[in-house]
Amino acid sequence: MDKNRFLNEMLPLEQCKRSEPLENSLTYTANKKARERWSMNEADSWAIHPVDHNENFIKYINGLIKVIEQGLYPFRRNELNEYVY
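In the working numbering, the protein residues as written are 7 to 91.
Everything hinted at is true.
DSSO-like cross-link-like pairs, simulated, lysine-lysine; straight-line CA separation at most 30 Å:
{"hint": "1", "residue 1": "Lys65", "residue 2": "Lys23"}
{"hint": "2", "residue 1": "Lys9", "residue 2": "Lys23"}
{"hint": "3", "residue 1": "Lys38", "residue 2": "Lys23"}
{"hint": "4", "residue 1": "Lys9", "residue 2": "Lys72"}
{"hint": "5", "residue 1": "Lys9", "residue 2": "Lys39"}
{"hint": "6", "residue 1": "Lys39", "residue 2": "Lys23"}
{"hint": "7", "residue 1": "Lys38", "residue 2": "Lys9"}
Ranges between beta-carbon positions, derived for each pair:
{"hint": "8", "residue 1": "Gln21", "residue 2": "Val57", "range": "17 to 27 Å"}
{"hint": "9", "residue 1": "Glu88", "residue 2": "Ser25", "range": "38 to 48 Å"}
{"hint": "10", "residue 1": "Ile74", "residue 2": "Lys38", "range": "28 to 38 Å"}
{"hint": "11", "residue 1": "Asp8", "residue 2": "Ser31", "range": "12 to 22 Å"}
{"hint": "12", "residue 1": "Glu85", "residue 2": "Gln21", "range": "43 to 53 Å"}
{"hint": "13", "residue 1": "Asn84", "residue 2": "Cys22", "range": "38 to 48 Å"}
{"hint": "14", "residue 1": "Glu20", "residue 2": "Tyr66", "range": "26 to 36 Å"}
{"hint": "15", "residue 1": "Gln76", "residue 2": "Pro27", "range": "23 to 33 Å"}
{"hint": "16", "residue 1": "Leu86", "residue 2": "Glu15", "range": "47 to 57 Å"}
{"hint": "17", "residue 1": "Asn10", "residue 2": "Asn84", "range": "42 to 52 Å"}
{"hint": "18", "residue 1": "Arg11", "residue 2": "Asn87", "range": "41 to 51 Å"}
{"hint": "19", "residue 1": "Glu85", "residue 2": "Ile64", "range": "30 to 40 Å"}
{"hint": "20", "residue 1": "Gly69", "residue 2": "Lys39", "range": "28 to 38 Å"}
{"hint": "21", "residue 1": "Leu13", "residue 2": "His59", "range": "19 to 29 Å"}
It should be emphasised that the hints constitute simulated quantities derived from the structure, not laboratory data.
Where is the CB? At the ideal position from N, CA and C, for every residue including glycine.
Make the full structure from the sequences, and use the hints.
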């Protein structure tokens with residue numbers, strides 16, 4: 007993402023609904039300003055997207071950030087239910 011273009015062309019962000027998630031506001035603003043919002047969905051990229059931004063999300067987000075920053079996530083479990091990095 008080009009930071010200067012984002013700051014100059016996308017801000018201020020607009021909302022379709024007052025309480026919508028940031029991702030929705032980004033898409034809505036991009037569409038209103040004749041821009042596009044793309045996500046990378048390739049074999050060597052990944053995204054974490056919670057189904058809900060509820061209490062469970064709030065409870066575990068700091069721990070999730072820490073393991074991502076430490077390079078411990080994403081992970082898979084093997085047939086013995088052990089983590090495989």
